[in-house]
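Generate the whole structure from the sequences, applying the supplied hints.
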Amino acid sequence: MVTVHGELIRSARAARRVTLPESAAKAIVASQGIAVPNGKLVTNLDGLRKAAATLTYPLVLKVVASEVVHKSDFGGVVAGIADQSALLAAWRRITGEPRLHGIKMDGMLVEECVPSGLELVVGARFDPSFGPTLMVGSGGIFLELLEDIVFRICPITDHDVHEMLAELRCYPRLRGARGTAPVSLAAVVATARRVSDLMMLLYDEVAELEINPLIVGSDSAIAADVRMVLKPVTR
Amino acid sequence: MTPTRTDDLDPLFAPKVIAAVGASSNGRGMANRFLDQLRAFGFSGSVYAINLSGQRVPGVETFTSIVKVPEQVDYAYIAVPAAAVPGVLASAAGNLRIAQVVSSGFSESGDSTLQGDLVAAARSAGIRLLGPNCLGTYSPRSRLTFIDRAPETVGTVGIVSQSGGLAVDIIRRGKNRGLRFSGVVTVGNSADIGPADVVRYYLNDPQTQVIGLYLEGVRDGRTFFDQLMACRGTKPVVLLKGGTTALGQNAAVSHTASLMTDARVWAGLARQTGATLVGALDDFLDALVSLQMVGHRATAPLERILIFGNGGGTSVLATDAFAANDFLVPPTSPEALARLADLNIGPGTSLANPIDAPASTLRADEGSVARQILKTVVEVDRPDAVVMHINLSVLVVADAPETPVISNLVDALIDVAATATTSVVPMLVLRSDGEADIENLKRELTRHANAHSVPVYDEFPAAVRSMVALRNHRSAPPDGSVV
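Residue numbers (the numbering used here), protein chains in the order written: chain A, 1 to 235; chain B, 1 to 483.
It should be emphasised that the hints constitute simulated quantities derived from the structure, not laboratory data. Keep in mind that a hint or two might mislead.
Below, simulated SDA-like cross-link-like pairs (lysine to any residue); rule was C-alpha separation at most 25 Å, straight line [claimed, not checked]: (1) A:Lys231 with B:Arg219; (2) A:Lys231 with B:Val253; (3) A:Lys104 with A:Ala52; (4) A:Lys231 with B:Gly295; (5) B:Lys442 with B:Gly295.
Source: prediction; values computed, not measured.
Rendered as structure tokens:
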């Protein structure tokens, strides 16, 4: 197993976590060549200030806690932070958030904002019959509502990913509809291939890997949020 | 694929020695019925009965154990209470190749202990195991059957079914749809031999050209997927999948102890392998019928459809149904129209595709005008497929029921497909009002068309779905490579 993956998964196991911290999940996909926003996991105000000095505003600040899956539902995300005073205000807002009270936090992830674009989901799941499967679809917070998702059995070819995208209801938007610029299908395909490859590498350990949203633009695909769920420990 | 090819499932499809375990002296058990079925179907190898408590089974040499049978048993049909089955296999060591365990009461009942014992007993005795919790195997090439009145003709369609009851439906209803089988295997809980093993057999079996599966779940999905990938572009596969909803999956767990997989993964698997995924028995049979009869005629890309028949509304609906599935119904070319101008075609006939010919045109010259239209357009425009539809009750004349017009039309389709210079897929839609005489006529015409390898459907949606099945198969490159 590639070292960075093994190290991060081992430490999550040691902490008896089922879901990896977002920062760790991002480090793993980044090591596979998937673009993630510049950012850093911080645990105190001093660390936050130092990290911000190396990043370009606007920033986003997110709580990292294993018990919080839908961060925005809990008031755990502040986006569009324009400067340092807004950053400190965001820190105070999240630490004072009543819905997060009593929840064990790993810290906060401070990241550069990803320019807006089309939101896709690219993920992989371990199926009890077929093993690693790849999922591509319309992403964002309405993933479950939209149900615009297609699957393939891993490993997949570029051709498979092109076929998957063409099956999506959002495909015309990817190709550029009503005067909007087309997104880089090549960047989406490359990301999906890397997710598939990563799952083929990690499926002994990983039950689910999900990039949602993958924000795609005319020349990029950036994993704005990554979730990685480990398999139950086998005896 | 040489004639000397051997396979560990050969004893299943062509057994020479069969034992029925669980037959009794009173003749009432499932194994007794199996013996009767073998006899009625004309199985020509040796047959033995096994009765564990030493009863004599009338009309057949009976032993208390498989190991006592004086020759090597290829196939044993086992119908004794579940708890006794592992012992039956253990004591058969060295004298049995394949055991089909029809007994139920294993993993499907929620406890997997007994099934574990069964598998262990089969392994250590060197026996391949089918089932448990299944109904049997139908192999017309060797006259092996598990149903009464089994169809005798050996065909090219190989079936694997996780459900025994559905396998019976597939054989019986399929027969009347024109399907002819190379084999039907019920695998039940698939404790040892699973769908992938039987698919591998069919893929290598020269008798099998089309593969159909009813599945609720597969244990070793990887092997199964790889097996379907191996079929891609060579032998078409139709997949009837049960348990695609949460409720259906719960039912499947207690039926065949199947694992749960997101239905969308199955859809993806079908796209990757070129298999056709369907969700209803009739759709399954429709697809198999088209692949068996005209699979070899389909060209890639299967795209341009010629529609010919009577009924304006039906023609419009037919065009919609094809267009909704990305087929083309291209207008008749000026060249073809110019040639048709020489014929004396009656009023009310629309020669643009869909060609809508009223009854008067179809009846003209006992159908020979219609034949000319069909022949000309197929010759000049070279469609990939030609679908003829006939509204039977409109054409049957009350005072002249013996009119040969309808059968002439069907013959015209048969001839045009047989003599076309480029390969064309013929399909026939025979529309009935449900009256008994019309249904009888439809049955006769269907039999006639099927005998000439022309598939027949009740309505257009079924014809369109079958066309999709042909296209799925043809669009899959034989080597699995990407074009």
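- [ ] Please write out, lowest number first, the hints stated earlier that are contradicted by the structure.
- [x] 4
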